[in-house]
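Student: If you want the building blocks of each chain, they are given just below.
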Amino acid sequence: MINKSKSSNLDFLNGDEAVAYGAKLCRPHVIPVYPITPQTIVVERISEFVANKLMDCEYIHVESEHSAMCAAMGASLVGARAFTATSSQGLAYMHEMLHYVSGSRFPIVMMNANRTLAAPWNIFGDQRDSLAQRDTGWIQVYVENGQEALDMIIQAYAIAEDDRVYTPVMVNIDGFVNTHTYELVDIPQQNDVDEFLPPFKSKNAIDFNHPRSFCMTASTEWNMEFRYQQQQAMDNAKKVIEEVDKKFGDKFGRYYGGLVEEYRCADAEVILVGMGSIIGTSRIVVDKMRDMGLKVGLVKLRFYRPFPVEYFKGLSNRVKAMGIIDRDISFGYEGAVASDIKSALASSGFCSKVINFIAGIAGRDITKEYIEEMYNKLFGLTQGHDEKELQFIGLRW
Amino acid sequence: MAKPQIVKFKFPESLEEMPLGPSAAAGILTEPNAGWRVQSPVIEHPKCTKCLLCWVLCPEGVIGKENEQLEIDMNYCKGCGLCAHECPKDAITMVQEGEADDQ
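Residue numbers (our numbering), protein chains in the order written: chain A, 105 to 501; chain B, 15 to 117.
The hints are simulated quantities; they were obtained by calculation from the structure and are not laboratory data. Take these hints with a grain of salt, some might be off.
Unchecked claim - Listed next, the in silico SDA-like pairs over lysine to any residue satisfying Cα-Cα at most 25 Å (straight line):
| no. | chain 1 | residue 1 | chain 2 | residue 2 |
| --- | --- | --- | --- | --- |
| 1 | B | LYS64 | B | GLU30 |
| 2 | A | LYS108 | A | ASP239 |
| 3 | A | LYS307 | B | LYS61 |
| 4 | B | LYS17 | A | LYS399 |
| 5 | A | LYS307 | B | GLN53 |
| 6 | A | LYS472 | A | GLN333 |
| 7 | A | LYS307 | B | PRO46 |
| 8 | A | LYS342 | A | GLU325 |
| 9 | B | LYS92 | A | MET320 |
| 10 | B | LYS24 | A | ASN313 |
| 11 | A | LYS417 | A | TYR367 |
| 12 | A | LYS417 | A | GLU299 |
| 13 | B | LYS22 | A | LYS417 |
| 14 | B | LYS92 | B | LEU71 |
| 15 | B | LYS22 | A | TYR367 |
| 16 | B | LYS24 | A | SER317 |
| 17 | A | LYS355 | A | SER109 |
| 18 | B | LYS24 | A | ILE310 |
| 19 | B | LYS92 | B | PRO46 |
| 20 | A | LYS457 | A | GLU373 |
| 21 | A | LYS307 | B | LYS17 |
| 22 | A | LYS350 | A | ILE310 |
| 23 | B | LYS24 | A | LYS355 |
| 24 | B | LYS24 | A | PHE318 |
| 25 | A | LYS399 | A | ARG331 |
| 26 | A | LYS472 | A | GLU299 |
| 27 | B | LYS22 | A | ILE310 |
| 28 | B | LYS64 | B | LYS92 |
| 29 | B | LYS92 | B | ASP104 |
| 30 | B | LYS24 | A | ASN327 |
As the list claims (entries may be wrong) - Pairwise CB distance ranges, derived in the manner of DEER restraints:
| no. | chain 1 | residue 1 | chain 2 | residue 2 | range |
| --- | --- | --- | --- | --- | --- |
| 31 | B | LEU29 | A | THR321 | 38 to 46 Å |
| 32 | A | TYR163 | B | VAL56 | 15 to 23 Å |
| 33 | A | ASN327 | B | GLU111 | 50 to 58 Å |
| 34 | A | VAL154 | B | GLY75 | 22 to 30 Å |
| 35 | B | LEU29 | A | ASP469 | 45 to 53 Å |
| 36 | B | LEU43 | A | HIS203 | 46 to 54 Å |
| 37 | B | TRP69 | A | TYR163 | 43 to 51 Å |
| 38 | B | LEU29 | A | GLN487 | 32 to 40 Å |
| 39 | B | VAL70 | A | MET320 | 27 to 35 Å |
| 40 | B | GLU74 | A | GLY183 | 30 to 38 Å |
We treat Cβ as the ideally placed atom computed from N, Cα and C, and that holds for glycine.
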């Protein structure tokens, strides 16, 4: 990330509050939302903004997450900009509607606070909730801290509402580690955001003069073409994401790198790939090991869908070994992120030099020591040591 | 009868002509629509007093009063039988589909 911001509008916010400010700056017309830990503070702050007339929007306290997504879809259908937020069980509950929204091409933006799924029930963080929504047709981005969360809510609308995309965006932020951690956050000025993100003029809305029926059946003879369009939109999004990142950086001074960000990778022999809050900790470990003369690098995977397959194809001939940190597991195989990266690497024959680390499940800490251990295992692999392809890090026994 | 004209649906001929998401123009008729009718209403005109209760109640709006006798547009009648049930003069009989022509 490159930060050239000269703004001084700093406030001490937690990640949820940063998301609430991000949403406020985007001037959504309708916010249907249902509170769930650890997303609740987003709901509380937005309801305060509305109650105190700092936000001019229709705030709907719906009876469930399924209804939240239905209401957001209805809002988008009449051309309104819609925002919602959820987490874990709530995301699972709205699963059906996620497909409806993406298939109907409504550019809704949603924040998801990453939290593990029951059972065993637990409110703390991992990324199984959103990774399990892989095939719902939503763009998924994972952020590292509160500042990026705020910035990505704004960028998410610019991406979703682009004519070439018209696909909903889920902004994922790690539960508690980010949602409840306070940091200094630069809150952009409203007039700057207004310039960056003009009012939403939907090209997919009901119009009294040209009535249309929406979300209708498409028969077998026609259904597949709609799916092909969704795939095209995702492919287009790759370019749009890079463009929006550049445009945002030019306006606000913060460039995040688009689909992925590399940290000290230029001459790296071994690299770790991760998503979300773990990147912050990993940067510190990389710096420490670099000081010791070890050529380690870090890849921050920002967008999980669309997946940066071209990037990973090009990475295999640059490094000697790669570790993939998954805060999830697809039981019976391996981590979801690892599967995708290894699939991109398949033609290179590089997969034998990859270790998938399963870590940080249900909020278990991923410490600096664990990350250093991962790098050391990767060095071991380059020296011919046997390493298991799939390893749980931080298990009690 | 003030009924929308049939506008034949134009199917997309390329990806570019596909709508954004599954949507299509509403408020138009694209084809006759009565395929699932099981019984047809048949009016015994000598009994009919043209009270127009059936004309008011028909959920599909397919009963026409423009001509001397009431007429039912069988292209759109779904055969629900509400007109026959409500007719105060019992002037409408529901006849099994396919048998009406024999009357």
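Student: Next step is simple, just say for each hint if it's right about the structure.
Tutor: Status of the hints after comparison with the structure:
no., hint, in the structure
1, B:LYS64 / B:GLU30, "violated, 52 Å"
2, A:LYS108 / A:ASP239, "violated, 36 Å"
3, A:LYS307 / B:LYS61, "violated, 55 Å"
4, B:LYS17 / A:LYS399, "violated, 77 Å"
5, A:LYS307 / B:GLN53, "violated, 44 Å"
6, A:LYS472 / A:GLN333, "violated, 43 Å"
7, A:LYS307 / B:PRO46, "violated, 31 Å"
8, A:LYS342 / A:GLU325, "violated, 29 Å"
9, B:LYS92 / A:MET320, "holds, 22 Å"
10, B:LYS24 / A:ASN313, "holds, 20 Å"
11, A:LYS417 / A:TYR367, "holds, 18 Å"
12, A:LYS417 / A:GLU299, "violated, 37 Å"
13, B:LYS22 / A:LYS417, "violated, 49 Å"
14, B:LYS92 / B:LEU71, "holds, 14 Å"
15, B:LYS22 / A:TYR367, "violated, 59 Å"
16, B:LYS24 / A:SER317, "holds, 15 Å"
17, A:LYS355 / A:SER109, "holds, 9 Å"
18, B:LYS24 / A:ILE310, "holds, 20 Å"
19, B:LYS92 / B:PRO46, "holds, 11 Å"
20, A:LYS457 / A:GLU373, "holds, 11 Å"
21, A:LYS307 / B:LYS17, "violated, 29 Å"
22, A:LYS350 / A:ILE310, "violated, 33 Å"
23, B:LYS24 / A:LYS355, "violated, 45 Å"
24, B:LYS24 / A:PHE318, "holds, 17 Å"
25, A:LYS399 / A:ARG331, "violated, 43 Å"
26, A:LYS472 / A:GLU299, "violated, 41 Å"
27, B:LYS22 / A:ILE310, "holds, 22 Å"
28, B:LYS64 / B:LYS92, "holds, 22 Å"
29, B:LYS92 / B:ASP104, "holds, 20 Å"
30, B:LYS24 / A:ASN327, "holds, 16 Å"
31, B:LEU29 / A:THR321: 38 to 46 Å, "violated, 20 Å"
32, A:TYR163 / B:VAL56: 15 to 23 Å, "violated, 57 Å"
33, A:ASN327 / B:GLU111: 50 to 58 Å, "violated, 32 Å"
34, A:VAL154 / B:GLY75: 22 to 30 Å, "violated, 44 Å"
35, B:LEU29 / A:ASP469: 45 to 53 Å, "holds, 49 Å"
36, B:LEU43 / A:HIS203: 46 to 54 Å, "violated, 30 Å"
37, B:TRP69 / A:TYR163: 43 to 51 Å, "holds, 47 Å"
38, B:LEU29 / A:GLN487: 32 to 40 Å, "violated, 52 Å"
39, B:VAL70 / A:MET320: 27 to 35 Å, "holds, 30 Å"
40, B:GLU74 / A:GLY183: 30 to 38 Å, "holds, 32 Å"
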